[in-house]
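For reference, each letter of the sequence shown is one residue, going 812 to 914 in the numbering used here.
The reader is advised that the hints may include incorrect statements.
Label-pair ranges, simulated between beta-carbon atoms [claimed, not checked]:
1. Tyr-814 to Ala-844: 45 to 51 Å
2. Leu-835 to Tyr-814: 17 to 23 Å
3. Asn-905 to Ser-828: 33 to 39 Å
With a Cα cut of at most 20 Å, we get these calculated EDC-like pairs of lysine to aspartate or glutamate [stated by the list, open to error]:
4. Lys-863 to Asp-880
5. Lys-863 to Asp-819
6. Lys-863 to Glu-875
7. Lys-900 to Asp-834
8. Lys-863 to Asp-834
9. Lys-900 to Glu-889
By construction, these hints were calculated from the structure, which means they are not laboratory data. For each residue, glycine too, the CB sits at the ideal point set by N, CA and C.
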Amino acid sequence: TLYQDWDDQTVFMAGFSWAATSDLLLRFGANYASNPIPDQYLNCLFPAIVQKHLTAGLGYRINEASSIDLSVTRGFGETVTSGYSVTVKHSQWNGQIMYSHRF
């Protein structure tokens, strides 16, 4: 068992979408979240320490029944040193491609 003793987390998010055409929707967002992990319980196997994210995406309607959505998220790097003098650096890129078909 990995003891964490995580704190409550405060998260601020904002985003918007813009219909560039009747078939194309553009999306943008930002996120700030406090680090919920006390330094003494930092676990290098699960470094959930990223606090700032930017997101972008688009949705394209192929026809009345089908659409494709793309998104990318950038989690900006954070560095934290644990109570055992272990330093963890973590950043993240995440991308998604989604296809939807409505029956």
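### Task
Could you check the structure against the hints above and give me the numbers of any it violates, in ascending order?
1, 2, 3, 4, 6, 7, 8
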